[in-house]
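Asks: Chain residues, written in single-letter form:
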Amino acid sequence: MDGSTNSAAPIGVQAPQIPKYPYYIENPVTDNRVGRFLEAFAAILTYSDYRPLLDSYCTSSAKCNRCAVACPVFLATGDPRDIPCFRTNLLLETYRRYFTIGGWLKSRFGGGFELTEEIIDEMLDGFYRCTACRRCTRECPMGVDHGLITHLGRYILSLIGIVPKALQVSVREQLEGETRNTSKIPKAALLNTLEFLSEEMEEMLGVKLQFPVDQPNRDHVFFCAVSDYLLEPDTLMGNAAVLYAAGDWDRWTIGTGNYDGINYGLFYSDWHLENIIKQLIGEVTRLNGKTILIGECGHASRSAHDFVPVFGGREAYPVTNFMEYTLDCIRKGKITLDPTIVTERVTYHDPCNIARSGWIVDQPREILRSFVKDFVDMKPAGQDNFCCGGGGGLVSVDEMHEFRMSIGGRVKAEQLRQTQAEICIAPCANCKKQLKELVEYYQLPCKVMGLHDLILKAIEIPGGKTPAERKEDAAMFEL
Amino acid sequence: MEQWIEFAQGPLFAFTFLIMLVGLGRLVLIQVYSLLTGKGRRLQNAPWRKILTDAATWVVPVRHLIPGTKLFSAVSYLFHIGVLVVPLFLADHIALWGRYTGIDLPSIGYGLAHFLTLFTIASVLVLFTFRLLSRRLRSMSRPADYGLLIVVLVPFLSGYLSMHPSYNPFPWDAMMLIHLLSAELLFVLIPFTKLAHIVLFFFDRISGLHWQLQPGAGDKVAEVLYGKEARV
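These protein sequence lines are chains A and F, in that order.
Read in order, the letters of the first sequence are residues 48 to 526 in the numbering used here.
Read in order, the letters of the second sequence are residues 1023 to 1254 in the numbering used here.
The set of hints was computed from the structure by calculation and includes no laboratory data.
Among the hints, erroneous ones may be present.
Stated by the list, open to error - Cut-off 25 Å, straight-line C-alpha distance, at most; resulting in silico cross-link-like pairs (SDA-like, lysine to any residue):
no., chain 1, residue 1, chain 2, residue 2
1, A, Lys337, F, Pro1069
2, A, Lys426, F, Ala1078
3, F, Lys1092, A, Ala123
4, F, Lys1092, A, Thr124
5, A, Lys494, A, Pro509
6, F, Lys1242, A, Phe422
7, A, Lys325, F, Glu1245
8, F, Lys1242, A, Val81
9, F, Lys1216, A, Leu152
10, F, Lys1242, A, Leu195
11, A, Lys153, F, Val1050
12, A, Lys325, F, Lys1242
13, A, Lys426, F, Pro1083
14, F, Lys1242, A, Gly360
15, F, Lys1242, A, Lys381
16, A, Lys212, F, Arg1164
17, A, Lys381, A, Leu415
18, A, Lys153, F, Gly1047
19, F, Lys1250, A, Val81
20, F, Lys1242, A, Leu139
21, F, Lys1072, A, Lys381
22, A, Lys426, F, Thr1079
23, A, Lys153, F, Arg1164
24, F, Lys1216, A, Lys337
25, F, Lys1250, A, Lys426
26, A, Lys212, F, Tyr1248
27, A, Lys325, F, Leu1247
28, F, Lys1250, A, Gly360
29, F, Lys1250, A, Asn79
30, F, Lys1242, A, Phe146
31, F, Lys1072, A, Gly359
32, F, Lys1242, A, Asn79
33, F, Lys1216, A, Arg155
34, A, Lys153, F, Thr1215
35, A, Lys325, F, Ala1239
36, A, Lys212, F, Glu1245
37, F, Lys1250, A, Leu92
38, F, Lys1216, A, Pro427
39, F, Lys1092, A, Val458
40, F, Lys1072, A, Ala123
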């Protein structure tokens, strides 16, 4: 795959040699990439606090290669360049050589590592072959966080203009555009979608609901991956059904100033990560909300949960993932799920950002086991799960589709096949998209959906149609 | 030769051991100082429970025996037992520690010590062979990765031969001198090589803390590179 474009040069003038990039970038960087990389690295080391981490990793990385067999990409390719430690070492060697006394001394005596254009090529490829799932980190006896190194490597590259266009354009719209969201959904379109969802819910559930918008002083301000408004109406209606059935309809709101939980900064830039978090916090403050309620999205949940306290200061609102809220409602008896509705075999995919890098493993399983008769876990599951293959933002990079299918997601597809499940629950916008594509690519007889899509089928709605009636309606509709 | 051995057991031992202590102490101080000054109050945000639970799983890392690593990992783990126990708790070593530190460590019997020594030697050879023959290990290995295994092997091998004259083809005092000097070389190398994971292990495992990024740093980095009007 070559995402770069060679511009035509006037006759007699040699066109600049544009390096090949494995993904589209806005303005392919052509000159002095080494110098610019080191300049950006130096700036980060000056203002951020990565030094102790890099010093420690540089000294004690054991190169035992346990990370290799933990990595779904290496398991698919067997290519030594896909070993997490190999990739990490590119950045550690650069740090050691240019930013430590030992490296400087070694270079004086004519030995050691030199950063070259070829190594920049290896980094820009390697750091985006990594899905940042951090499974290798879990299995590293030294605790080297290859996911964090991937984040740092991508951050440095982004500062010299090397970042997939798909991510950059989305972040630009979210931070500097009119709509302030990654899918460029204007406020009017959001309101239309909510109206459409209201009508759908009325027809499906038999209750008339108006989505709360810009309501001040509510307990929960809701953020989902904004793409859900376009692509995952059942997940959103499932969320809404839980809030209604639990009697919390007057306790939540969607803000029209900012309604996107996505934060690609987590994948490639401290700079954007912080500013997107501040934007999220700003909306809750504007509405005088009390907590941040994140929909079914792994990285949105992790970035809000982990970084609102870091960047929020006094405005560090508590962050709840919607699955936690739903489980709480079940435990308190505020909602009831009909255990006779879902008869298919169901499995659950753990999004890396909320399972391995987060705090959500048992909660969705407790919810599922409360109403699904035939639940089966993947092997391995929970914090040891395999990435869907589209993590770290790769799922949004269309030109990497073949990589995500044939390499990144190969192990996951096999795991899924072995469960023989008819439904795979993936409570994450990114994982869901990737898994839907995987199911199609590998022709697996499995339907991928969010947890609340399934809850929507089984939830008892006070004053509305019963789950059995809705199931009948759905069967009629399918006929 | 006796004078050389006396020198190696005396001042050279103390000196090299001091280098190790000071070197490791320096690494610890740098880490602690950088974290306290760099992270400050954000240390409170770190998922400490998760960090500590994760570190605890590596004390007896049975659940980390994942497919494709079982033999290598088991040998690596057991190797560490011999490497830690024999130098500290062999009766002859205890006398040496006592002389310099005043600490009277309990002794393991010679039988166990000899077994652990042989096990350590065998482990090093297995690890060396893995590194040499496995494609993915070889692709990552630098000369130092092989060299350090040899540096660890020599004091154990020479120690065993010194204790077992019937297997030792060389003069006892030469072997003892090799034993002492190789152990002292190890002391000196520890703070400057990956062997420093003796202490850095604890700082590597706290990545949950390193994710507590510096507020405002991103804007400053962008400004210094692209000016105040820096754009996405």
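Asks: Determine for every hint whether it applies to the structure shown.
Replies: Right, here's what the structure says about each hint:
no.: 1; hint: A:Lys337 / F:Pro1069; verdict: 23 Å, holds
no.: 2; hint: A:Lys426 / F:Ala1078; verdict: 23 Å, holds
no.: 3; hint: F:Lys1092 / A:Ala123; verdict: 20 Å, holds
no.: 4; hint: F:Lys1092 / A:Thr124; verdict: 21 Å, holds
no.: 5; hint: A:Lys494 / A:Pro509; verdict: 29 Å, violated
no.: 6; hint: F:Lys1242 / A:Phe422; verdict: 50 Å, violated
no.: 7; hint: A:Lys325 / F:Glu1245; verdict: 18 Å, holds
no.: 8; hint: F:Lys1242 / A:Val81; verdict: 21 Å, holds
no.: 9; hint: F:Lys1216 / A:Leu152; verdict: 18 Å, holds
no.: 10; hint: F:Lys1242 / A:Leu195; verdict: 20 Å, holds
no.: 11; hint: A:Lys153 / F:Val1050; verdict: 24 Å, holds
no.: 12; hint: A:Lys325 / F:Lys1242; verdict: 16 Å, holds
no.: 13; hint: A:Lys426 / F:Pro1083; verdict: 19 Å, holds
no.: 14; hint: F:Lys1242 / A:Gly360; verdict: 18 Å, holds
no.: 15; hint: F:Lys1242 / A:Lys381; verdict: 48 Å, violated
no.: 16; hint: A:Lys212 / F:Arg1164; verdict: 36 Å, violated
no.: 17; hint: A:Lys381 / A:Leu415; verdict: 16 Å, holds
no.: 18; hint: A:Lys153 / F:Gly1047; verdict: 24 Å, holds
no.: 19; hint: F:Lys1250 / A:Val81; verdict: 24 Å, holds
no.: 20; hint: F:Lys1242 / A:Leu139; verdict: 23 Å, holds
no.: 21; hint: F:Lys1072 / A:Lys381; verdict: 31 Å, violated
no.: 22; hint: A:Lys426 / F:Thr1079; verdict: 20 Å, holds
no.: 23; hint: A:Lys153 / F:Arg1164; verdict: 15 Å, holds
no.: 24; hint: F:Lys1216 / A:Lys337; verdict: 48 Å, violated
no.: 25; hint: F:Lys1250 / A:Lys426; verdict: 50 Å, violated
no.: 26; hint: A:Lys212 / F:Tyr1248; verdict: 19 Å, holds
no.: 27; hint: A:Lys325 / F:Leu1247; verdict: 22 Å, holds
no.: 28; hint: F:Lys1250 / A:Gly360; verdict: 23 Å, holds
no.: 29; hint: F:Lys1250 / A:Asn79; verdict: 23 Å, holds
no.: 30; hint: F:Lys1242 / A:Phe146; verdict: 19 Å, holds
no.: 31; hint: F:Lys1072 / A:Gly359; verdict: 22 Å, holds
no.: 32; hint: F:Lys1242 / A:Asn79; verdict: 23 Å, holds
no.: 33; hint: F:Lys1216 / A:Arg155; verdict: 22 Å, holds
no.: 34; hint: A:Lys153 / F:Thr1215; verdict: 14 Å, holds
no.: 35; hint: A:Lys325 / F:Ala1239; verdict: 14 Å, holds
no.: 36; hint: A:Lys212 / F:Glu1245; verdict: 22 Å, holds
no.: 37; hint: F:Lys1250 / A:Leu92; verdict: 19 Å, holds
no.: 38; hint: F:Lys1216 / A:Pro427; verdict: 31 Å, violated
no.: 39; hint: F:Lys1092 / A:Val458; verdict: 20 Å, holds
no.: 40; hint: F:Lys1072 / A:Ala123; verdict: 30 Å, violated
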